[in-house]
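Start from the sequences, fold in the hints, and give me the full structure.
Protein chains: 2
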Amino acid sequence: MKIQIDRSDKTPLYKQIAGQIQAQITSGEIPEGFQFPSERQLADALGVNRTTVLNAYKELKADGLIASHVGSGTVAVRNQNAEPVILSHRKDPMWEHLFSDHMKNQDSFDINKYLEVANQRDVISFAAGIASFELPPVQAFAGIEKELLGSGNGLLVSPVAGFSSLRRVMSSYMQKRSCFCQPSEIMITSGAQQGIDLIARAFVNPGDIVLIEEPSFFPAIRSFRSMGAKLMAVPMEEDGMDVDILEQLLTRYRPKLIYTMPAYHNPCGVTMSIPKRVRLLELAGRYGIPVLEDDPYSELNYEGPPVTPLKSMDKSGYVVYLSTFSKTIYPGLRLGWICADKKLISRLSGIRQLMDLHSGCISQQIAERFIVSGELKKYLTLIRREYRERRDIMTDALSRYAPAGLTWNRPEGGYYLWCRLPEGLSSDILVTRAAERGVAILPGTPSYLTPYKGECYIRLNYTFPPRDRIAEGIRILCEVIEELASARPEYTLCPDSEINPIL
Amino acid sequence: MKIQIDRSDKTPLYKQIAGQIQAQITSGEIPEGFQFPSERQLADALGVNRTTVLNAYKELKADGLIASHVGSGTVAVRNQNAEPVILSHRKDPMWEHLFSDHMKNQDSFDINKYLEVANQRDVISFAAGIASFELPPVQAFAGIEKELLGSGNGLLVSPVAGFSSLRRVMSSYMQKRSCFCQPSEIMITSGAQQGIDLIARAFVNPGDIVLIEEPSFFPAIRSFRSMGAKLMAVPMEEDGMDVDILEQLLTRYRPKLIYTMPAYHNPCGVTMSIPKRVRLLELAGRYGIPVLEDDPYSELNYEGPPVTPLKSMDKSGYVVYLSTFSKTIYPGLRLGWICADKKLISRLSGIRQLMDLHSGCISQQIAERFIVSGELKKYLTLIRREYRERRDIMTDALSRYAPAGLTWNRPEGGYYLWCRLPEGLSSDILVTRAAERGVAILPGTPSYLTPYKGECYIRLNYTFPPRDRIAEGIRILCEVIEELASARPEYTLCPDSEINPIL
Chain P
1 MKIQIDRSDK TPLYKQIAGQ IQAQITSGEI PEGFQFPSER QLADALGVNR TTVLNAYKEL
61 KADGLIASHV GSGTVAVRNQ NAEPVILSHR KDPMWEHLFS DHMKNQDSFD INKYLEVANQ
121 RDVISFAAGI ASFELPPVQA FAGIEKELLG SGNGLLVSPV AGFSSLRRVM SSYMQKRSCF
181 CQPSEIMITS GAQQGIDLIA RAFVNPGDIV LIEEPSFFPA IRSFRSMGAK LMAVPMEEDG
241 MDVDILEQLL TRYRPKLIYT MPAYHNPCGV TMSIPKRVRL LELAGRYGIP VLEDDPYSEL
301 NYEGPPVTPL KSMDKSGYVV YLSTFSKTIY PGLRLGWICA DKKLISRLSG IRQLMDLHSG
361 CISQQIAERF IVSGELKKYL TLIRREYRER RDIMTDALSR YAPAGLTWNR PEGGYYLWCR
421 LPEGLSSDIL VTRAAERGVA ILPGTPSYLT PYKGECYIRL NYTFPPRDRI AEGIRILCEV
481 IEELASARPE YTLCPDSEIN PIL
Chain Y
1 MKIQIDRSDK TPLYKQIAGQ IQAQITSGEI PEGFQFPSER QLADALGVNR TTVLNAYKEL
61 KADGLIASHV GSGTVAVRNQ NAEPVILSHR KDPMWEHLFS DHMKNQDSFD INKYLEVANQ
121 RDVISFAAGI ASFELPPVQA FAGIEKELLG SGNGLLVSPV AGFSSLRRVM SSYMQKRSCF
181 CQPSEIMITS GAQQGIDLIA RAFVNPGDIV LIEEPSFFPA IRSFRSMGAK LMAVPMEEDG
241 MDVDILEQLL TRYRPKLIYT MPAYHNPCGV TMSIPKRVRL LELAGRYGIP VLEDDPYSEL
301 NYEGPPVTPL KSMDKSGYVV YLSTFSKTIY PGLRLGWICA DKKLISRLSG IRQLMDLHSG
361 CISQQIAERF IVSGELKKYL TLIRREYRER RDIMTDALSR YAPAGLTWNR PEGGYYLWCR
421 LPEGLSSDIL VTRAAERGVA ILPGTPSYLT PYKGECYIRL NYTFPPRDRI AEGIRILCEV
481 IEELASARPE YTLCPDSEIN PIL
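So the protein sequences, as listed, match chains P and Y. Using UniProt numbering, you'd call the opening residue of the first sequence number 1 and step up by one each time. Using UniProt numbering, you'd call the opening residue of the second sequence number 1 and step up by one each time.
In short, the hints are calculated from the structure, not lab data. Please note that the accuracy of each hint is not assured.
In silico contact screen, one side only, chain Y against chain P (beta carbon under 10 Å); selected entries [what the hints assert, rightly or not]:
| hint | residue |
| --- | --- |
| 1 | Gly19 |
| 2 | Leu98 |
| 3 | Met103 |
| 4 | Gly191 |
| 5 | Ser226 |
| 6 | Pro305 |
| 7 | Asp356 |
Taking CB as the label site, the calculated pair distances span [unchecked claim]:
| hint | chain 1 | residue 1 | chain 2 | residue 2 | range |
| --- | --- | --- | --- | --- | --- |
| 8 | P | Glu483 | Y | Ser346 | 45 to 53 Å |
| 9 | P | Ala62 | Y | Arg410 | 14 to 22 Å |
| 10 | Y | Ser373 | P | Glu483 | 51 to 59 Å |
| 11 | P | Asn205 | Y | Glu29 | 34 to 42 Å |
| 12 | P | Ser172 | Y | Ser373 | 38 to 46 Å |
| 13 | P | Pro37 | Y | Leu449 | 43 to 51 Å |
| 14 | P | Ala142 | Y | Lys176 | 32 to 40 Å |
| 15 | Y | Asp392 | P | Met94 | 41 to 49 Å |
| 16 | P | Gly143 | Y | Val372 | 47 to 55 Å |
In this text, a Cβ means the ideal position worked out from N, Cα and C, and glycines have one as well.
Right, dumping it as structure tokens:
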């Protein structure tokens, strides 16, 4: 028997003692019938109070692990059936052998390595896709505590698809955006990511084809891949996906789903034109293919009116609209919504119940208050102005510092600039070099299905970095690009070079 | 062109007009080149202001759907490529043809039909598995608003596995329960349901075998089935699962996972004995099978000390411990946690990121405050006393009113009584009859893998119904059972009757 007391541990001493004895009995290290020292003996040996040992023994007796008999003292009791644990089985569990294809289908791209850099002190981060830290919409909370403390109502549990009152609010919210839907056509989700996951799960069997814009939102690529989908790329053009290629793919293959981000696309900032929308919807209706419209950014418009959702023109009913409060209120709420045919919403609720039952009650109430009180509208006005200015600070800085060959767009809304690097430069190398100089960016590669295809792009977020550090970050980034470009070919990629046999 | 104005609708009139014209252009009802009435003509025809029509036309122009030319007035513009929408395609989407096996693997049991009854006014509900409505732990909120409004910190975003501070708090919480784990071995989940879903997703491929106690927590059965698992039943005995049968199944098949609820089992109230725990762990270690320990109730002990988790005796590292705040704080928080090997936690984070990124920031902060302040401990003392009393009210009422042949257990903890009906009576029929009399209960069938096997059981929850209505509900329920039993064989099941050929 071996017992080690750790007085710096907050666990009560008697628990420490009992726990260690229990472990040793269970493992067979203390054999059945083992004669324990008396309470006083053990207390003296360990330098603890006698009551401490008494309590430890009491607990072990209650668990049926030891027994005291007058005359024979305290002995270990063991289940007859239990064989001693064989030490060779105490190796680390072989998790990788046990994992499902879901786990294995995950690609190896680890976004965290980029975001970890971004989270370091003093790093200027253009990598994340999150809102400004400096403008928390704290008005959303004002009064909520009083309300909740007063009644406690609405804390306990919510329907799977969300509180009826919030679904009503969201349906009239969608109506203001020209989507004439009913509350029964709304499901509240725990963010847009859950919406993508839910739709992937509802429609995609391993091997099913999903059509996706290239480049696209990379967590969507990962979600579909994790479900075993075979992804096929529809190239992006200046005014949205190439609908001619879309039609070819629809004719040649039998895709299960089309995934699109028609407004202020992440990462490339493009908005789909009306003619392309008409064509996409006509094709989806003709072939009977659901269209997942991911629309997190359409209300963050900096020029012209907000982009109207594709869903507003949906005659066939195949458009599944998805949006989130993560970009307009804040991501920590974990709240988004789906707007779709009510028959689909009802079937999706069946799966949703198995995923997380429903979205958090407090988040739902905060979002509802925030909309109904008019605070969201005010807050949108505030961040639209702020983000427009940050975008302009970034494009101005690029105009000032950009080396030859670096090009970028000027998105009319959303969160990101999409930059093309001077020819031959690799974004993966640039990411590392920029991080060393304290600037975090996202490489283009994960947004592409085709390996290396995104190497000449980087995505820059302008909403998160403090406005007074944007120009500085761009200056440093441009210096790094310049250095790498002039050091060519050492640090560059030659995608067009000959392929040599591997010997 | 057809336009209908709805003045009771909150949508601005110009939006209503623009929306309807847009829809008609898109669908082809308004053909390309269609000559629109002048603003004044349309305003007169609709009985609206001229500015209203002006604004509608402005919007349509911005969308590229109409154009005005001096001399030719306002005309509809249409994309050349778009073919008119063919009306036969406007049928309802064929969702059922499109759904994945995930969706199809869902069994047809619809818990909602039982819970809907339970939600009706004046119904005494023994059906739900939720906490008392009358004892909201509102102290959890006191002060949180001030904190959040003050800083706004911790609102924005959380790490995938949860805030570090909460993971630290949960690891010391687990240590107090004899599980000596590190914060890196904790993942915060959006409730225990998400934990089950996450584990199922990480380990189960279609066709994989999962061993599960019979009866068991029915949403777990549904989760594993939705992933395509082949479930095999390990029968429950008075002191936990039959470990001899477990061993046979482990030897004969190659299961991927063992699912167990070792403390105050839902639905049958049983706690697994120490010898069975030792044997289960030894077998899991020897065969290298992960054990999902679902432990929502162990701290709701009404007699004796709280049951120590299986995880505390886990030498092999294969135990994946799962618990939730839904039963101790409240379900609307959507907060639970997994405690497992840190290598597994890290791999699970990869999937979790695709599911919902992370659990809600406010819920995490509320739970952390509730534990650290000592409020959870106080609240547990309060609800333990309250629920023990409610359990006793229920068992006393059963002793008073029960007809011959009705038997029940007296669980030492948890939420449920598990009752066996008089022989030949069907719980599915009883559920309907009891609902008609204003009492909601849960039938035994969904908790069993084998069809009809649960027909002779019902589950009664005593935590949710108000204490002064429990005895009344039991009285009514017993009357209904008595009536059905005396009306036999009309309303009863004859599971042992001969099977006749279907002609």
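Each hint, compared with the structure:
| no. | hint | in the structure |
| --- | --- | --- |
| 1 | Gly19 | holds (5 Å) |
| 2 | Leu98 | holds (6 Å) |
| 3 | Met103 | holds (5 Å) |
| 4 | Gly191 | holds (6 Å) |
| 5 | Ser226 | holds (6 Å) |
| 6 | Pro305 | holds (6 Å) |
| 7 | Asp356 | holds (4 Å) |
| 8 | P:Glu483 to Y:Ser346: 45 to 53 Å | violated (35 Å) |
| 9 | P:Ala62 to Y:Arg410: 14 to 22 Å | holds (19 Å) |
| 10 | Y:Ser373 to P:Glu483: 51 to 59 Å | holds (53 Å) |
| 11 | P:Asn205 to Y:Glu29: 34 to 42 Å | holds (37 Å) |
| 12 | P:Ser172 to Y:Ser373: 38 to 46 Å | holds (40 Å) |
| 13 | P:Pro37 to Y:Leu449: 43 to 51 Å | holds (49 Å) |
| 14 | P:Ala142 to Y:Lys176: 32 to 40 Å | holds (37 Å) |
| 15 | Y:Asp392 to P:Met94: 41 to 49 Å | holds (48 Å) |
| 16 | P:Gly143 to Y:Val372: 47 to 55 Å | violated (25 Å) |
Going through the hint list in order, the structure does not satisfy hints 8, 16.
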